[in-house]
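A.B. asks: Chains as they are written, first to last, in my numbering: chain A, 1 to 330; chain B, 331 to 652; chain C, 653 to 955.
Errors might be hidden in some of the hints.
Stated by the list, open to error - Distance windows between CB atoms, simulated:
hint : chain 1 : residue 1 : chain 2 : residue 2 : range
1    : A       : Y146      : B       : D375      : 19 to 29 angstroms
2    : C       : N689      : A       : T203      : 20 to 30 angstroms
3    : B       : I418      : C       : N689      : 18 to 28 angstroms
4    : A       : E106      : C       : D777      : 50 to 60 angstroms
5    : A       : T203      : C       : D886      : 25 to 35 angstroms
6    : B       : I643      : A       : G51       : 33 to 43 angstroms
7    : C       : G908      : A       : Y146      : 26 to 36 angstroms
8    : A       : T203      : C       : E733      : 16 to 26 angstroms
9    : C       : S907      : A       : G287      : 44 to 54 angstroms
10   : B       : T360      : A       : T203      : 20 to 30 angstroms
As the list claims (entries may be wrong) - The calculated DSSO-like cross-link candidates involving lysine-lysine, where the alpha carbons are at most 30 angstroms apart (straight line), are:
hint : chain 1 : residue 1 : chain 2 : residue 2
11   : A       : K161      : B       : K404
12   : C       : K788      : A       : K68
13   : C       : K788      : B       : K648
14   : B       : K648      : C       : K776
15   : C       : K776      : C       : K788
16   : A       : K161      : A       : K175
17   : A       : K175      : A       : K68
18   : A       : K161      : C       : K776
19   : A       : K161      : B       : K648
20   : A       : K68       : A       : K161
21   : B       : K648      : C       : K785
22   : A       : K68       : B       : K406
23   : A       : K161      : B       : K406
24   : A       : K68       : C       : K785
25   : A       : K161      : C       : K788
Hints listed in this document are in silico derivations from the structure and should not be mistaken for laboratory results. Virtual Cβ for every residue (Gly too), placed ideally from N, Cα, C.
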Amino acid sequence: MDPFTGDRDFTGGRDPGDASAAGRSVVVENLTRTFGPVTALSQLNVEMPEGVVGLVGANGAGKSTLIKVLLGLLAPTSGGARVLGLDCATQGLAIRQLVGYMPESECLPPDVSATEFVVHMARMSGLPSAVARERTADTLRHVGLYEERYRPIGGYSTGMKQRVKLAQSLVHDPKLVLLDEPTNGLDPAGRDEMLTLIQRISTDFSISVLVTSHLLGELEKISDHLVVIENGVLQRSTSTADATQLSGVVLVEVTDGGPELVARLRAAGAQVADDGGAHTFTVELAGEWVFDAVQDGAADLGVGLVRMQRRRHHLTEIFRPEQEGADVQR
Amino acid sequence: MSSVEPVPGTAASAVPAVPAASAGPTLPATPTGDVIHDIGFRHYDGHRFGRGWVVRSLLVETVRGVFGLGRPAKSKVMPWVLIGILLIPPLVIAIVILLTGSDELSISYTQYPGSMELVISLFVAGAAPYCVSRDLRHGVMPLYLSRPMRRSDYVLAKFAGLAISMFAVLALAETLLLVGALLMKLPVGAQIVGWAGGILTVAILALILSGIALVIAAFTLRRGLGVAAIITGLLVVSGVVQILIAIAKDKGYPTAASYLPALNPYSLVDGLAVRLLGVDPSNGTAYPAGPLGLLVYGSLAVATVGACLAILIRRYHKVGGV
Amino acid sequence: MSTLVLDHVSRWYGNVVAANDVTMTIGPGVTGLLGPNGAGKSTLIAMMGGFLAPSAGTVTLDGTPVWRHPGIYRTIGLVPETEAMYDMVTGWQFVVANARLQHLPDAEGAALAALETVEMVDAKDRDISTYSKGMKQRVKMAIALVHDPMVLLLDEPFNGMDPRQRLHLMDLLRRLGEQGRTVLFSSHILEEVEEIAGTIEVLVAGRHAASGDFRRIRRLMTERPHKYTISSSDDRRLAAAIIADGSADTVDLTSGNLAVQAPDLGVFVHALPRLARDSGIRLLDVSPADESLESVFAYLVAR
């Protein structure tokens, strides 16, 4: 791998070197599911490693169909899938013992408290009553519900309701949780807290996570691996690191003297392009000397260096390959 | 458009809004006994119960809920008031026997449910929506379906829970009748036989009423609407059947008049009791003589319960999607 | 020109104050209306669209009050948040009906043009009940655009859209803004707002908290020291140089690079390249750490 342009050998969108069966929370093989004339999933082939996997792009039929198949609630038309090593078509009950699910939709009764509800759900997962109570109390603390846990759910804010949904998915200590649009309806602060919580589930609680979201920025922040499905077909399966590599372009912003600095850089042989502002421009990173040139140039000219930052690739490039400056690796 | 978002993965860790519980191992106690315990997420490697236990657990919770146990006080009012009303007549009958010195119950074990139609209908109308409407209305089904149970398990647990609750209440009434009779020194043998017949009758009645009420409740998601729909449905059916029987008799179709009662759950069960056990019919209804009549009534009873269960399972298939 | 002016606008429901003395001007271009849940964004949009009367103050469009002036609906297009739509008609029928309600001379032509703009021509003859959330959203957009309004008000328009639909809508709004229309949209999702809004208006608990370009808003917050993240060939020596220079108050090496807090942004950014060059240190990454819309928004909400 070239140290400062970030180019690597591209291995077809899969995680390089992750070939072992261990460490895979979900494996989908040639999965097809049709409903009459409608094809929800078509020849889907994807392996999801442990950690946090983000699932994006599948709106409507594709995503919910995939979730039902993974939970063992829907049989494939052809092909198959394995969750935590268990076959989805034949071992559904066993899978559902080890998996937690947080639905996107409203699913909480308003007239019971969070504690009562989560204890009930814990018992429905097969936990003995005493264990259910203790684990409920612990889990509600971990998701950040304190005194409000004794009040009826009907009075909760959206953020608190999402936390209850999350708690019922975690209370029975699953090995994998499926979180369907967990930040739906949350404002920026709530969103941030939920994302932090999701990361904790993976790193602190050691539970694998499959998150679906429409928001690429969020997924960039928290997932280790990304799967993009559109119209039932796999578009990309890549580690987040690969998809958000540093590009070979540096964005520079100075307080003033932009044109003079650009002239100096060009004179030194750098490729400089306009970026829309008088004092903002991009430079091709032909070598580390470019950094020196910018820095020294700014110092010599006595201008302030507001920004000198390598651009990263973003997930949006998958959906918009014609975006300028992006090297799309597909 | 400049893209200068922070490096992926660092932003969230900069602002932890939820207190981070320590996930490291417990530090060993120092010689002076000071120690910090690990209160991070605990894994669970203990016993997990299977489907059978879970279904039984759901059933027990349903039964408790029907009687208002584990629920706020005002949900206890309806069921217990109705139970109270249901239990008064046996008391009254016992007193009547005492006062009149009669040697048999003024109303038989199998006639008793028929005489308390309204109260029983109100009870099941209040209980059934609690069992199923809540979960359907608030979309809780995905949470059940993602657990180690089948869709049909949920339906059967709810049905069995309601049926057992109904049976318990009705059996209690029958037993009170028996107790009253025995206290009044009525002939023991006959009373026990009558009581056994009554128990069988109310068991079948519980199954049929539970099935019908649950089906109606599963299609009327608002609880108030469900209660109203069930009670209206049962009363209307009862009334219409009465009218039809009267018309049939009037127009000279006694056979039709004897089969029509099968359309009303209460008289269906009563008819079965009359033909199987040879007891007197309630309300003087005429039931068909002969094996055909028994066959029709019997299979209708079984078919009703079966159909209700099938409809319920299908309803949950459509609506309760993940 | 199409400028919406809110002048000391308040709206209350009994004791609940949804909008509290808000004064703002929304001009041509794309403006993002931000705020936490319950801040009053939907209320404000409803008042701008003439659906709600202000309890106090005035909402005017180019000088004409918006309330009780049905004529303004020729100039304004509104895309509300609610999902409810008439399920039993096709998308085409619904848009044409709205065009007719607008008394447009060529209702069908306008409807077709609107549907083309939102890329719903292929699906126009299907019942609305068969549409996905994103498709319904696009039909709502078509209705709002059918009469070619100069002002477009959208309440949480990106809700439920998948990334591709989101990009399309962003492009559309950007284009409409470039055409000189006044486009106002409310959103929770800062990454969308950052992409297309030239100006932001921030509402916190019914009060108008800030207005303008978010980076310039950040620089107005002089009471907060600016945070910078720097990566160099020798962070420790650079840290020492910066401290010695005095242009920054706090220098933090714990996170693997240099995190700096500087009270005066201008002084610091001028000093930095000089310090690096004079110490023979190569700067590899220099970026403001709290100029993102997320940070600015968090600061505004916390005031």
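A.B. asks: Against the structure, test the hints numbered earlier, and report the numbers of the ones violated in rising order.
C.D. replies: Violated hints: 3, 4, 8, 9, 18, 22; rest satisfied.
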